[in-house]
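Novice: One-letter residues, chain by chain:
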Amino acid sequence: MKVKSPLEIYRYLPQTNCGECGYDTCMSFAAQIIERVVKPTDCPPLVRDAEKDEKVKKRLDELISLTSPEILEIVIGGENTVKIGGEDVLHRHELTFFNPTAFFYDVWDSLDDKEIDERCSKVVEYKKFYVGDFLTLDGIAVRCTSNNPERFKQVVKKVAGYGKPMVLISLNANCMRAALEEVAKERPLIYAATEDNWREFLQLALEFKVPVVVRSKNLDKLKSLAKTFKESGVNEIVLDPVTEPIGEGLKGTFERVIQLRRTAILGEDKDVAYPIMVTPISAWSIEADEISKAYWETVIASLFIVKYADVMIFKSLEPYSIMPTITLRYNIYTDPRTPVQVEPGLREINNPTAEDPVFLTTNFALTYYTVESDLTSGNIKGWLLVLDTEGLGVEVSVAGGQFTAGKVKDLIKDTKIEERVKHRYLVIPGLAARLQGAIEDETGWKVLVGPMDSGRIKGWLEQNWPPK
Amino acid sequence: MEKFTLEEFFQLLKKYNVEELEGVRIEGDLEIEIEPGAGVDVSTINALLALTQYINLIQEFGNFLYHANAALMYLQRLSSALGIQLQLPSTTQQIQPQQPQPVTVEAKPKIPEKLIEVKFEPYKPEYTGVIEEVTLGAKKSEGGTREVTVTIGGERSLPFYTFDAEMPHMPVIAIDIFDRKPMLAKAVREHYEDVLEDPAEWAKKAVKDFGADLVTLHLISTDPMLEDTPPSEAVKVVEEVLQAVRVPLIIGGSGNKEKDPIVLEKAAEVAEGERVMLASATLDMDWERIGNAAKDHGHVVLSWTQMDINNQKTLNRYLLKRVGIPRDSLVMDPTTAALGYGLDYAYTNMERIRISGLRGDTDLNFPMSSGTTNAWGAREAWMKESPIEEDTPWGPRELRGPIWEIVTGLTLALAGVDLFMMMHPGAVAVLKEIMNTLMGNVKETADGDAWITMEG
Ligand code: B12
Ligand code: SF4
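Protein sequences appear in the order of chains A and H.
In short: position in the first sequence from 1, add 1, done, that's my numbering.
In short: position in the second sequence from 1, add 5, done, that's my numbering.
Source of the hints: derived by calculation from the structure; they are not laboratory data.
Given the structure is predicted, the values throughout are model-derived calculations rather than measurements.
Take these hints with a grain of salt, some might be off.
[What the hints assert, rightly or not] Calculated lysine-lysine pairs in the BS3-like style (CA-CA distance at most 25 Å, straight line):
#1 Lys241(H) x Lys144(H)
#2 Lys119(H) x Lys231(A)
#3 Lys129(H) x Lys271(A)
#4 Lys144(H) x Lys271(A)
#5 Lys144(H) x Lys222(A)
#6 Lys115(H) x Lys271(A)
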């Protein structure tokens, strides 16, 4: 985004403070644009006027271009979509990263149909619980290994049935055309235009209106491809600087990816300001056994989740490959401006009765959901008090003073937990043990120090509940 | 050696009706515990014992060298140990990408005949600062007894951005050892089972078998809540370990605020001349005493703060200005949180510290150290299965643990860490391999096109 202060945006707004956008003033709306919470088109009067008045239209377009992200944002997919690109900064602390690297998983058309189905189902069904939600995979990449347009078309159609966004992979324009005739409306990303086939691929991108990857190890060539496509009317371009899996090749890949993104953002080179594709799947072409290749694929992926890849193609569907990459992606793309937190208050776990234990935890999302899921999945009945620690975990908030006996007292009062249970026993996290006495003094409840890890509550209860 | 797959393993267990045996617990995928005194048929116990020994045996692997492919070799062994997917692809076909077949496209006027040729001009940032160089260990000529020393720091660009400026030293890896048996995840413990009681042997194994560049000796037995070993007693181990290995040493306390300064002071004394690193001085301890111990005996001090760039600045200043630590004798530990458990904070905090250093902040331009072993605290690394019912099964933890440590380390390597403290030999090997790669030390390459058309 070119503008840094709300004032620069304010000049373009109607300045009537009408409130239609949901903000009290045009100024606060402008501030939200800077934060990328809203877009210029979220100001209804501006859009309405632009439809009527050519001059306003020009002003709106100018504002859009001033406030659009440095890196182009692209949407892949038909019914279900995934957004890639749209980044503004090189380091997450400078603002935040926006669209998490999209993960596509490989199937190839020389596999038999049963195996294709198996792999697709794994992609669709994969889920991993993390801070309150399930992490999932984004889409399926279909490679044409048969070199047979008919077979590719057939398989692509089958895969499309799974409803996930797709990347279609073949350097053969005939195969690609056959597939696009079948699934162009699903808006797959097509892979890839190279120095050899670019004219055919340019034709396909224009004809079927699908996003396209341009591919070259030579950054002059890559930029030339992107520029040629852009000037010919293709708007949705992804750059693949070629992922070489090991040694100097991998080092070169690292350099190319960083140079591209840095030059796009700091060098303001619009011709390379596109999302970047990295293909950890390349690891599978090296000589090693399956676990080594899967590990190395994870290593390549991690490198480029941290450094700028917007879309990736993977092969391994083993949980030990997916879990670290999907977690790393979440971590790197978490908005550092706001701690991830949940509403404080009282939660009922598994329909508790007046005899069941009362637990205390904090409102840091990671803490809360870990505890909640441990209780729920352990079939533990109980009452969970969630303390407002400003989104901090147990140990941090005890150390930092956001977790205090006084606050626990207020929480007990506000939630009226005393009317819900007959006993007066509060189970606190093991890591808050040092507050035991203080909480007893403040609240008059008997405080039991639970285990350090909420995963051990079940075993702990067997020994300690009901209290003797 | 006999080959054995997980499936066969489970079949064997079934054969012996293991699920129904009282007193025999199967924990996770490969861990078998037999409670003493359990009334179990002797032949079954023997069969199970043979099996555990077998597993221990095949997971033991000594003396492998760090050359370009050490990591991959390690992994190969790991996979054979686990009996999963053994196929060694001597037959891997190097399929060449198919030439796109000529297609006759009706070139509409829109499609240009030729590429618009343009040049890519990489943006070049300027950094004014440079990270201090710190050398650990001292050779004979320098008053110590080390055969190798280790130098970290010296960067003038972001990590591995060798296209901006030369990176003079590759980050190094220290392996953690302890002066008493610590709590360890099973996947880590099994690599050290034979040396857990003997820190000197442990150190040797870390260096000789697992390629540690340095060793971190944690004197945890000094903790008043544990054995409360008196400092003069505890530092004997320091001497033993210095005898046992020829690499530089890092010495840690137990984390006890009152006792650590005394313990580290004593350790600094007995390690005189060796240029060890004292881990660590913190704001809530007597940092002055620890700093002075380092200064008086010519050691390096680790300045450890809890994920707060301003606290890091403050503590560094105290150590530099008030204690008078030389600038070549300070390393920072801004705190490591594991993947999934605060890694985002750790990464960003370190990245900000490194960028500040490169931009000329002389309170922050010091090498960084990371307690990467923290990764083993993550449930995903050690729990036998997901506590969440709806989760896709997590798979064997033997494979989750090491990759958790690798990804935590690699992420922080990209933030600017110069020294990793780690434990799993496989994780050490893989992290070294990727860092060697990014440094340009791994010459071989492989085709970046082959994957497009490979079958399988
Ligand atoms: C991430 C982190 C931070 C982040 C916090 C992010 C956040 N939103 O919370 C940031 C960078 C902000 C931070 C700051 C500080 N931190 Co900090 N931080 C950590 C770190 C690395 C991880 C903590 C974490 O998130 N754990 C994961 C969550 C899920 O764990 P949890 O909340 O404890 O929940 C578990 C258990 O408590 C239990 N549990 C939870 N609820 C319940 C309920 C019941 C009934 C039971 C039985 C169990 C239970 O189960 C949960 C799952 O296992 C730890 C070190 C480490 N590796 O543990 C240091 C650590 C907690 N931090 C520490 C400190 C000192 C601080 C600071 C005070 C330092 C400073 N620089 O000023 C500040 C405080 C800031 C403030 N409060 O104002 C120290 C605390 C030392 C101590 N024991 O007093 C630690 C231990 C580091 C260390 N080794 O010294 N920190
Ligand atoms: S809708 Fe537009 S004009 Fe009205 S307050 Fe919001 S920004 Fe201002």
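Novice: Hints first: check each against the structure and report whether it holds.
Specialist: Results for each hint:
no.: 1; hint: Lys241(H) x Lys144(H); in the structure: holds (21 Å)
no.: 2; hint: Lys119(H) x Lys231(A); in the structure: holds (14 Å)
no.: 3; hint: Lys129(H) x Lys271(A); in the structure: holds (16 Å)
no.: 4; hint: Lys144(H) x Lys271(A); in the structure: violated (54 Å)
no.: 5; hint: Lys144(H) x Lys222(A); in the structure: violated (51 Å)
no.: 6; hint: Lys115(H) x Lys271(A); in the structure: holds (22 Å)
Of the hints listed earlier, those the structure fails to meet are numbers 4 and 5, in rising order.
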